[in-house]
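**Student:** Okay, here's what each chain looks like letter by letter:
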Amino acid sequence: MARTRYAPDRGLTARMTVTMFLLGLVFVAFVALIIGIMAAAHASAGAIVFIALVFGGGSAFISLFYSDKIALAAAGAREVTPQEAPELHGIVDRLCALADMDKPRVAISPTRMPNAFATGRNSKHSVLCVTEGLLSPQLNLTNEELEGVLAHELSHVAHKDVQVMTYASLLAIVAGLLVRFAFYSELFGGGRRGGNNNQAALLIPLIMVVSIVVYAISFLLIRLLSRYRELSADRSGALLTGQPSALASALQKVSGGMQRIPTQDLRAAEPLNAFYFAPAVKLTRGGGGGGGPSLSALFSTHPSLERRLEELAKIQRQLGQVAPH
Amino acid sequence: MGFLDVLLGRTKPVQPKLDDLFALPSAAITLQAASGFTPTGSGSVCFRSVEGKTFSDIQDDVRELLNMDAGKPGGGLPVEVTRDSFGFTWLVSSHMSDEMDALVTDLHAVNSALVDNGFGPQLLCTLVAFRDAAERRLALVYLYKRGTFYPFAPLSGERRDNALELQTKGVLGDDLKIEQDLTKWFPVWGAPGL
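Chains A and B are the protein sequences, given in the same order.
The working numbering puts the first sequence at residues 1 to 325.
The working numbering puts the second sequence at residues 1 to 194.
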């Protein structure tokens, strides 16, 4: 076995495992509760749960299957050939050869906000998209910095993040639908129930409450998972290029650039947030300004810039050390 | 990548495959016999340098090691170090056109120095240059991560001579492990030593 300098980040792995375990726990508890409620139950409650599962599962599957096409259409992006964008293709070619992975399709989105995203259900069907803002002379990214950004996105492809996040969100989607369905059935179905159907009248609000709680918990866990996946992608990207500080300075340039861009662009980009290199919407920091984590940090899909820079500095130190024997 | 690696969002850096490089000298003879391309005697190793002094020290050591024989018979010229526009470093070793074995040994010395110091994953490709009587250029590119070769024949103006590349693939099919996935035959425009 060849000696390696690329020590795994055990802390990050452990935190991610715990997050996924908790998500799984919520999932199991949710299914158990729903089955319990249905066992006690009544056809109308069962039908609601069934419909929510079919709709939620179906929409998640479709969005996973067509994620590349949906994301490209939402970003208004266009696939480019090596002749049209030789520099960009050259960098992606080299990174893919270095990482021994299939080359994704490359696209450019005519957005002025500097950003990049990669999507697609697997490496064969993935697409890597950069915005025109990222390539613009105003932002002035060096080739090394651009390479860092692309390596981060390729790591998302290698880690199959679109798949992982879709499966992780499945529960939240179903729970969200259940809340809505239960609400409508309460609204429209209430009149038809006779006096002997008291059980159902209690069940539907119960499903609603359970779903709301499940939705809230899984929402927070998914955001946490998303932040860990971003840190992982930063890490793998920096190790791939061997230049953590190029990625760090790209991050700084990109996040600085995003604060200057008008908001209509930001709003249009919001649905794609989870796949972006840096979040398109900057959440304002909690006014308290204390040392503790703010509410916005809890809800955000990306770790804070400070956190990402700190992790990259750690990798930089590791790479400079004498090889472990 | 394993299931666990996907789940935990980690990538193990890919280690290079080095052994297949030694098939080059016999392939060069086949190539010359079948299509008239002779080695120019120059070859290069391309890798992604890592920031920090540790890596640059190793790079200097390798250069010194290769330059020890420079000027002696069979030792070739001193190695040239260049950095391309993509930020990759190329170490170019130049020998006489009939010293293919010495060239491959030089290239291998670079590989082993990087691998021994734990920087194996930084190796991208190695390139050996050929030319025919009509001065057409051809390179055999070795992809470290896949352990396969592919031909690269640049024409003027960033165009490739695909016919010549496919012909070379046919000629060398028995001597070298040729990369079967044509999408991995990425161009190396302006590669030093070509």
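Just so you know, the hints here were simulated from the structure itself, not pulled from any lab data.
Hints are supplied without guarantee of correctness; some may be wrong.
What the hints assert, rightly or not - When the alpha-carbon atoms are kept at most 27 Å apart in a straight line, the in silico DSSO-like pairs for lysine-lysine are as follows:
1. B:Lys184 <-> B:Lys12
2. A:Lys103 <-> B:Lys72
3. B:Lys12 <-> A:Lys124
4. A:Lys124 <-> A:Lys103
5. B:Lys72 <-> A:Lys314
6. A:Lys103 <-> B:Lys53
7. B:Lys53 <-> A:Lys124
8. B:Lys72 <-> A:Lys124
9. B:Lys184 <-> B:Lys169
**Student:** Hints broken by the structure, by number, lowest first?
**Tutor:** Of the numbered hints, 2, 5, 6, 7, 8 do not hold.
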